[in-house]
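Based on the hints, put chain L in the right spot on chain P.
Residue numbers (our numbering), protein chains in the order written: chain P, 49 to 378; chain L, 49 to 378.
Errors might be hidden in some of the hints.
If chains are identical, the list can't say which one is meant, so a pair holds when it fits in one copy or spans any two.
To be verified - Derived DSBU-like pairs: lysine-lysine, alpha-carbon spacing no greater than 35 Å straight-line:
| hint | residue 1 | residue 2 |
| --- | --- | --- |
| 1 | 212 | 373 |
| 2 | 82 | 212 |
| 3 | 212 | 164 |
| 4 | 321 | 212 |
| 5 | 82 | 373 |
| 6 | 321 | 82 |
| 7 | 373 | 305 |
Treat the hints as calculated values from the structure; they're not laboratory data.
There are 2 protein chains.
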Amino acid sequence: MSGEFTYKGAGVDIEEAAALVGDIGELRQSTEAKRSLMQSFGLFAASYDLSDYREPVIVTGCDGVGTKIELLLEHDQLEIAGKDLVAMNVNDILTTGGDPLMFLDYIGIGAIDKVKIKRLIGGMAEHLASCDCILAGGETAEMPGIVPDGVIELSGFCVGAAEKPDLIDPARIEVGDKFIGYPSDGFHANGWSLIRRILEANPGLIDEEEWVQFLAPTRLYHDVVAGLRERSIDIKAMAHITGGGLPENLERLLNGKGADITIPRWELGAVAKVLSFVEDAEAVKTFNMGWGWVVVVPASEAEAAASFHEGARIIGEVDSSGEVKVHVSS
Amino acid sequence: MSGEFTYKGAGVDIEEAAALVGDIGELRQSTEAKRSLMQSFGLFAASYDLSDYREPVIVTGCDGVGTKIELLLEHDQLEIAGKDLVAMNVNDILTTGGDPLMFLDYIGIGAIDKVKIKRLIGGMAEHLASCDCILAGGETAEMPGIVPDGVIELSGFCVGAAEKPDLIDPARIEVGDKFIGYPSDGFHANGWSLIRRILEANPGLIDEEEWVQFLAPTRLYHDVVAGLRERSIDIKAMAHITGGGLPENLERLLNGKGADITIPRWELGAVAKVLSFVEDAEAVKTFNMGWGWVVVVPASEAEAAASFHEGARIIGEVDSSGEVKVHVSS
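Isolated chain P (complex conformation) (with noise of 0.2 Å):
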């Protein structure tokens, strides 16, 4: 036996790893200023107390910020990958009708940065506060040797419930409904991996004043959905448009229906610059073309679910054809 093997010898602080989830706790509590967790923080998991419910479903969701991550570390911009990571879960959640409740990150990194951490989870913290989703958790892993140096890796899970009635049930959309989408604020947390070989075939494409603005964290949609249910909108499904784009995730709520969709070109500053490498055929396969968000209410709702939202507009309509047809028109 020799005391020259230790846990904190070998690059992992436990100490530290502690100190960190003091802090952390205040973060967490500017999340609680609705709703709040039933048992207090540093057990073994999160609860919250259901029971007022009278036939409560729970929904979940998990997703990362994909290669973004890379470009948001180059450019210090932890806020906005902690935003990203919040928002990619909690509109998921939100697609189903449910009210997102509980949020956990895991954060995987060489060695605990608590300066960094901190502003990851300071980014997330605002984004859930805005949307009543609590920071309920979750676990920060120093991996020496594991992940490399400069890197994050970032996952995130979220949970919410729904009175079973208010289950969204896309099952009802009927030939003649219409898409409504709502804006996005730029390429969100997709389609980063074909950004960046475009940039790195051109550099100097994006200005450097245009970065922050280039790299908007992904949208909360909460919003919209609190708005179409105060004007009883009949919404027969949502979409958070993600990696696959306009078709792929309109395809998985149209059970064999199809779409026509008409979206005028995306002109949006450093966007566009970037879009102008990809044919329009790609493009829409891949990223979200200014909408990230797609409500499919009834023709004669279709209004009413577009006025009250800034930029959202009537995109196209369900039809019989079987696929997802995106005109980008000019």
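Quick look at chain L alone, frame taken from chain P:
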């Protein structure tokens, strides 16, 4: 505009990813023998119906397998990695008294390798089926340039539920209560940064035929909880012994009380070889020392709690010292 840049050319193959989703669907089915999801796989989130619960509380946790993944990959033990990931999460849920209902996995990989991913998820499904927790979804993120070649990033998330009166409340712990230890199968998924350092300094320490046993997956403890409940034993608290060992994992249950624990030296083949390089005091703070699960019960029920499960024993007592003392007997 040009056709030079495509998403597939950038290393991301959406069709290959979609085919994999189908294969995973079959593995998911193997986890749905006793309970099932409410909506079909493939929408944006998975849902589970809790409307038969009277006073449901949901519990969630998130964890990874830490740096053990490096050795698991090196020794091609992907099924074990999947099992470790499940157990690290499911056991955390079990500590609350909750029933693990849905598990989601996040896999980050440089390039989709269907065989490897199916083996990983196959391991997850086997562990999940054994405790009737549904493989409810997940994300396989292809991260060319971010995840190094040969590395797989793993994180997991579990959500469970309990009737409110069945939740475990560690605040009920009293001085004189007993700690019951239930055996681990090895180091499980904690302490591997230190283990790897020891192995690097002592190449050949583990014999070729010892490796699989040495890397044994984290044990699930749902059978212990079920056994205690069948016998109506008063469970005051349960701890999953992970990073930080018995001291840190018991401390968070004790709310200022202390523990006086005595365990035998851990004589388990290759595990003992590694432990010979670490001082007892350090080992106790880092490894589970043979006890992956600890339950606190009233002294009067200690024998009953220990006797039904092979290898379980009374390992100590709650005291008022304010610290967790762990003695390794020789």
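Hint check results:
1. For the homomeric pair residue 212 and residue 373, the shortest alpha-carbon distance inside one copy (33 Å) is at most 35 Å, but the shortest distance between copies (49 Å) is not.
2. Taking CA atoms no more than 35 Å apart as the test, residue 82 paired with residue 212 passes in both settings, with 22 Å inside one copy and 21 Å between copies.
3. Within a single copy, residue 212 and residue 164 get their C-alpha atoms no closer than 40 Å, and across copies no closer than 38 Å, so neither meets the 35 Å cut-off.
4. For a Cα distance limit of 35 Å, the shortest separation of residue 321 from residue 212 qualifies neither inside one copy, at 45 Å, nor across copies, at 55 Å.
5. For the identical chains of this complex, residue 82 and residue 373 are neighbours neither inside a copy (42 Å) nor across copies (41 Å), given an alpha-carbon limit of 35 Å.
6. Proximity of residue 321 and residue 82 under a CA criterion of 35 Å is satisfied in neither setting, with 42 Å inside one chain copy and 53 Å between copies.
7. Taking the shortest Cα distances, residue 373 and residue 305 sit within 35 Å of each other inside one copy (11 Å), while across copies they are farther apart (65 Å).
Comparing the model with each numbered hint stated earlier shows that hints 3, 4, 5, 6 do not hold.
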